[in-house]
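Enquirer: Just so you know, the protein sequences line up as chains A and B, in that order. Residue 308 in the working numbering sits at position 308 of the first sequence; the count goes up by one each step and never skips. Quick note: to get the working numbering, add 1000 to the position in the second sequence (first position is 1).
FYI, nobody ran anything at the bench for these hints, they're computed from the structure. It cannot be assumed that every hint is accurate.
Derived DEER-like restraints, expressed as beta-carbon distance ranges [said to hold, decoys possible]: (1) Cys137(A) <-> Pro1090(B): 41 to 49 Å; (2) Glu1459(B) <-> Ala125(A): 52 to 60 Å; (3) Ser1098(B) <-> Gln463(A): 40 to 48 Å.
Beta carbons: idealized from backbone N, C-alpha and C, even for Gly.
There are 2 protein chains.
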Amino acid sequence: MPSLDPALAERLGELSDLRHAGQVLAWDQQVMMPAEGAPARGEALATIRRMFHDLLVDPALGTLLAAAADAEPLIVRAVRRDHEIERRVPGELTAEMSRAGSDGYSTWLQARDANDYRVFEPALARNIELARRYADCFPECEHPYDALLDRYEPGTTAAQVSDLFVRLREGLVPLISQIAMQPARQALAGEFPVSAQREIGLEIVQTMGFDAGAWRLDDAVHPFAASPSPGDVRVTSRFDDHSLAGLFALLHEVGHGLYEHGVDGALARTTLDTGVSLGVHESQSRLWENLVGRSPAFWTYWLPRLRDRFPLSLRDVDLDAFIRAINVVRPTLIRVEADEVTYSLHVILRFELELALVEGSLDVAELPAAWAAKMKQFLGIEVPDDLHGVLQDIHWSEGIIGYFPTYAIGNVLAAQLWQAARADIPSLDDELARGEVGSLRVWLREKIHRHGRLLTPPELIEQAVGGRLDPVPMLDHLRAKYGALYEL
Amino acid sequence: MPSLDPALAERLGELSDLRHAGQVLAWDQQVMMPAEGAPARGEALATIRRMFHDLLVDPALGTLLAAAADAEPLIVRAVRRDHEIERRVPGELTAEMSRAGSDGYSTWLQARDANDYRVFEPALARNIELARRYADCFPECEHPYDALLDRYEPGTTAAQVSDLFVRLREGLVPLISQIAMQPARQALAGEFPVSAQREIGLEIVQTMGFDAGAWRLDDAVHPFAASPSPGDVRVTSRFDDHSLAGLFALLHEVGHGLYEHGVDGALARTTLDTGVSLGVHESQSRLWENLVGRSPAFWTYWLPRLRDRFPLSLRDVDLDAFIRAINVVRPTLIRVEADEVTYSLHVILRFELELALVEGSLDVAELPAAWAAKMKQFLGIEVPDDLHGVLQDIHWSEGIIGYFPTYAIGNVLAAQLWQAARADIPSLDDELARGEVGSLRVWLREKIHRHGRLLTPPELIEQAVGGRLDPVPMLDHLRAKYGALYEL
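Please model the entire structure based on the sequences and the hints provided.
Expert: Structure below.
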């Protein structure tokens, strides 16, 4: 990596340091902070974020970027993009969106208490209106949703997502209805004491490729991963005694964490030493959670070790039975409880609805009915009330619109990467069956992790899988896997 | 509290938020951070501190302060003082001091490895020279040391400290030699498993007055307390199985933490919602550690509970024996291992030496000899090598000069506060013997904690004890306590 102009490097370093502080403050808030620290922490985080904004929009940064473009074109391109997008949105609009998001969150909590979407409706209408005003700041976009999506998945448009999701939906809906016609399968039952889950979880993670002194695991109500720097990755999970869900959440968050951990050290303090988009990030978490973590090869090695920890609950569970039990498909009302097959349909539903809301082709008043119709169409189930429907997710309450598609993009990309990795590493299943994931991690680091934000998501995907986002590998994977499991 | 001008309040809020971020980053660094996070954390902390500096010296802040002086005289006075002191020191000198401190620390580590002061001597000479240049920025000071001391103990001069310490030393040296003529006493022996120490430590702290949701306890190699905000106090200790030292360290750090926790909520985000000086801070930690925590009244309640935790080690230890064992006086070479009586002499020794170094009346080449002479004079012991002498403390290596006196000021003030509190709360011993400390905590909050940085240290001391720093209460306390314990 050639060296940056020192004045530019210093500014990027300051931006990186503020991001670092924000990561630590946010992690601490969810994992360590005593409850009474909340008001002061909210203020401190807001100030750190505002300072980040102020540094990023500073015209002097623009001047430095213009002067440095030839020397470091990829770094300059990425930062200039951040700079220009941030400058497009008037400070008053940003402040209004922040207030409306905070009010919307409170209103959402009230609406959930009342199990009544009508309580939430005005706040949602306000967030949609502000999202449209945000999109108006980017008149060059073909569709207002493009500007919203671009915040989370740079370089991908609503039209591309629509096309991708239509093809994905057309593959998933029939598969799910085929599965639904088969006899229902049972999930694992029994006791899985938390302390033993954490121990074997740590044992698994220790094989996955973190430097020993570069990460930690803690408990959080809503598992997440944070990364103040690539040498300081914070993974969280939530274990409970009656399910192994926490182990899969751990694999998911470690996937996120390994991405941050694997960024090229040469990008330190450039603001590029982090994941490039939410979709690419989610591809990493889903790959480890589902494609590795729910595979027979992986459990060939780990099931005997798991059985040592939980001899009573797993005594009579052989590998086939275990794989069936951790891969039960069951249409559910709640996204975060959904399985590998149905999950993306929850996302597609939300994408289609928020696209229509932003376009104005759907009125907020009609949202619950539209939600129910799609749940029926996609998963064949009835929505009994708003809590199990439109009030279940926090995102819209805070004005986070354009984010949902990245969850399904992650699933799609994970399957593309998995296909490419298996082609490049013929021994992958054998290695997993020996408890080894080194080749896979090296492959992911080479193809994805090390690049940080240096390539755009479409460039990164192109060089990793030789093409663009494509639903076929995911559909092929699901049809093969669940065709066998459910004897379709 | 009348309301501040909004523009001024916003600037003070930003300063508070940066301080908050710095506290969390520094706490996390010592308690939670994976080792490989260190380089990025160092950068992030430096940036946060530099941003704090930049905001504090901004002339616009000076203008706002000048305009607000009549409305909020005490807040404005405190912040203006910070502003003006920070502006006096040229940025290049600050940067040079920071570099020299960092180099000095590395050199100190090398010198410790070699057990050779000569390795360290040039770095110390450099730090002394820079400290003199710092002092030159404050030509109105009578003595250059005044400017150095003022960073840690605002409003107190070298002359005042010299006078205080001469009187203290003249009382302590004969007391210690009297004690040394008595038969040696034994400290506690036995096993005190860490987990049980932590449990009873938590039990004790729960009586001391933190709101339950406003603090936490963690382990740290060097115990400390941090406070991102008064509702978020982080106490640390270090327990080991062979001593109760970690329990006393816990009481010490809780004393610091209760001070931060007790600041008036009206001072939130003014930069005044923290302790006013290191000496006042240390008075709080020492009061709880020594005057409460090593008293018969306190252990009347807690010893039976401690014995329940450690039945084997404490089976034959009654209250008298326990009090004697936790109050052993023994001249030692190492400051941080010193007892309640000898501790201040370690501090006075350092003060006298650094004062002479800053004045130029002592050359760095003569420091080890001067150290050894004073150890002999004060404590009657020989210094065998540099590790047990002049190389033992980190402070000088980092250019921290003028800090040491605050440790002994804390001891002196703790005894003054203790005397005043006992006069105001006649039932104090009875309460302690019932495991209650509520009256004392309320008294300390009223006299010290709530004021934050609103009063200067001399003003605060005056209203709390009706006078200035005075060694007599401490000497009276030590003579009475150890006269009885050692049958002098």
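Enquirer: If a hint holds in the structure, say so; if it does not, say that too.
Expert: The hints, checked one at a time:
1. Cys137(A) <-> Pro1090(B): 41 to 49 Å: About 43 Å separates the Cβ atoms of Cys137(A) and Pro1090(B), which means 41 to 49 Å holds.
2. Glu1459(B) <-> Ala125(A): 52 to 60 Å: 56 Å, holds
3. Ser1098(B) <-> Gln463(A): 40 to 48 Å: 43 Å, holds
When held up to the earlier numbered hints, the structure conflicts with none and fits them all.
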